[in-house]
Amino acid sequence: DVKVTQSSRYLVKRTGEKVFLECVQDMDHENMFWYRQDPGLGLRLIYFSYDVKMKEKGDIPEGYSVSREKKERFSLILESASTNQTSMYLCASSPPATRMFSYTFGSGTRLTIV
Amino acid sequence: SQQGEEDPQALSIQEGENATMNCSYKTSINNLQWYRQNSGRGLVHLILIRSNEREKHSGRLRVTLDTSKKSSSLLITASRAADTASYFCATADGGGFKTIFGAGTRLFVKA
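Residue numbers (the numbering used here), protein chains in the order written: chain A, 35 to 148; chain B, 284 to 394.
Bound conformation, chain A alone (with noise of 0.2 Å):
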């Protein structure tokens, strides 16, 4: 069963901690997606990546970055965490874009930051 694995379900990180979330693929996957959810904000676009090494920002990149240095494996970083990015971050995973868009999702990581 193919499947996008997030490494924590829960989270509780201090304020100006570096907080490192995972998330690898075994779909062979292009694309590489990291979003964070709200209560009536929907899904956000953090970052993305199209290919190793490759990034780009989504909607709302300031105070976290990413790497992405094997396909299968996507990484989210806080640089120094602050409490509004107390959130539920979602990984996703989709093919290039000549083929079907679905995204493939991770089970989410809850993150709190104290």
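These are calculated hints, taken from the structure and not from any lab test. In this text, a Cβ means the ideal position worked out from N, Cα and C, and glycines have one as well. A couple of the hints might just be wrong.
Stated by the list, open to error - Calculated cross-link-like contacts (lysine-lysine; reagent style BS3-like; alpha-carbon spacing at most 27 Å):
#1 A:K37 / B:K381
#2 A:K89 / A:K105
#3 A:K87 / B:K381
#4 A:K89 / A:K37
#5 A:K52 / A:K89
#6 B:K353 / B:K339
#7 B:K309 / B:K352
#8 A:K91 / A:K104
#9 A:K104 / B:K381
#10 B:K381 / B:K353
#11 A:K105 / B:K381
#12 A:K91 / B:K309
#13 B:K353 / B:K309
#14 B:K381 / A:K91
#15 B:K381 / A:K89
#16 A:K87 / A:K104
#17 A:K37 / B:K339
Stated by the list, open to error - Some chain A residues close to chain B (C-beta under 8 Å, calculated; not the full set):
#18 G74
#19 L75
#20 G76
#21 L124
#22 S136
#23 Y137
#24 S141
#25 G142
Said to hold, decoys possible - Footprint (simulated), chain A over chain B, 3 or more residues, beta carbon under 8 Å:
#26 320–326
#27 382–392
Put chain B on the given structure of chain A with help from the hints.
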């Protein structure tokens, strides 16, 4: 601003009834997708309808697309308690990188 906006924000129905959710969007699209999210989990892709299609079925799901009105609807027939979830529409441009999700409709099906 959100590209896809669902209506209603929340819906409560009895088991066996049909549930209809609507989605409106603002710009031209390549396709529109519907996803489901169980509480506290990731989203699961349900169905994709391309801009040149008007209706699509998958099991108890029926999706319509009206590009002239920039709107779509998702119909779940003969709903079950297990259909309780949030449902999101998402629209994609031609490049496929800017898939934009709406805020979702929360569906509650009472047994």
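Do the hints match the structure? See the list:
{"no.": "1", "hint": "A:K37 / B:K381", "verdict": "22 Å, holds"}
{"no.": "2", "hint": "A:K89 / A:K105", "verdict": "12 Å, holds"}
{"no.": "3", "hint": "A:K87 / B:K381", "verdict": "19 Å, holds"}
{"no.": "4", "hint": "A:K89 / A:K37", "verdict": "22 Å, holds"}
{"no.": "5", "hint": "A:K52 / A:K89", "verdict": "20 Å, holds"}
{"no.": "6", "hint": "B:K353 / B:K339", "verdict": "16 Å, holds"}
{"no.": "7", "hint": "B:K309 / B:K352", "verdict": "9 Å, holds"}
{"no.": "8", "hint": "A:K91 / A:K104", "verdict": "19 Å, holds"}
{"no.": "9", "hint": "A:K104 / B:K381", "verdict": "22 Å, holds"}
{"no.": "10", "hint": "B:K381 / B:K353", "verdict": "17 Å, holds"}
{"no.": "11", "hint": "A:K105 / B:K381", "verdict": "20 Å, holds"}
{"no.": "12", "hint": "A:K91 / B:K309", "verdict": "22 Å, holds"}
{"no.": "13", "hint": "B:K353 / B:K309", "verdict": "7 Å, holds"}
{"no.": "14", "hint": "B:K381 / A:K91", "verdict": "11 Å, holds"}
{"no.": "15", "hint": "B:K381 / A:K89", "verdict": "14 Å, holds"}
{"no.": "16", "hint": "A:K87 / A:K104", "verdict": "8 Å, holds"}
{"no.": "17", "hint": "A:K37 / B:K339", "verdict": "25 Å, holds"}
{"no.": "18", "hint": "G74", "verdict": "6 Å, holds"}
{"no.": "19", "hint": "L75", "verdict": "6 Å, holds"}
{"no.": "20", "hint": "G76", "verdict": "4 Å, holds"}
{"no.": "21", "hint": "L124", "verdict": "6 Å, holds"}
{"no.": "22", "hint": "S136", "verdict": "4 Å, holds"}
{"no.": "23", "hint": "Y137", "verdict": "6 Å, holds"}
{"no.": "24", "hint": "S141", "verdict": "5 Å, holds"}
{"no.": "25", "hint": "G142", "verdict": "5 Å, holds"}
{"no.": "26", "hint": "320–326", "verdict": "holds (count 4)"}
{"no.": "27", "hint": "382–392", "verdict": "holds (count 6)"}
The structure shown violates none of the earlier numbered hints.
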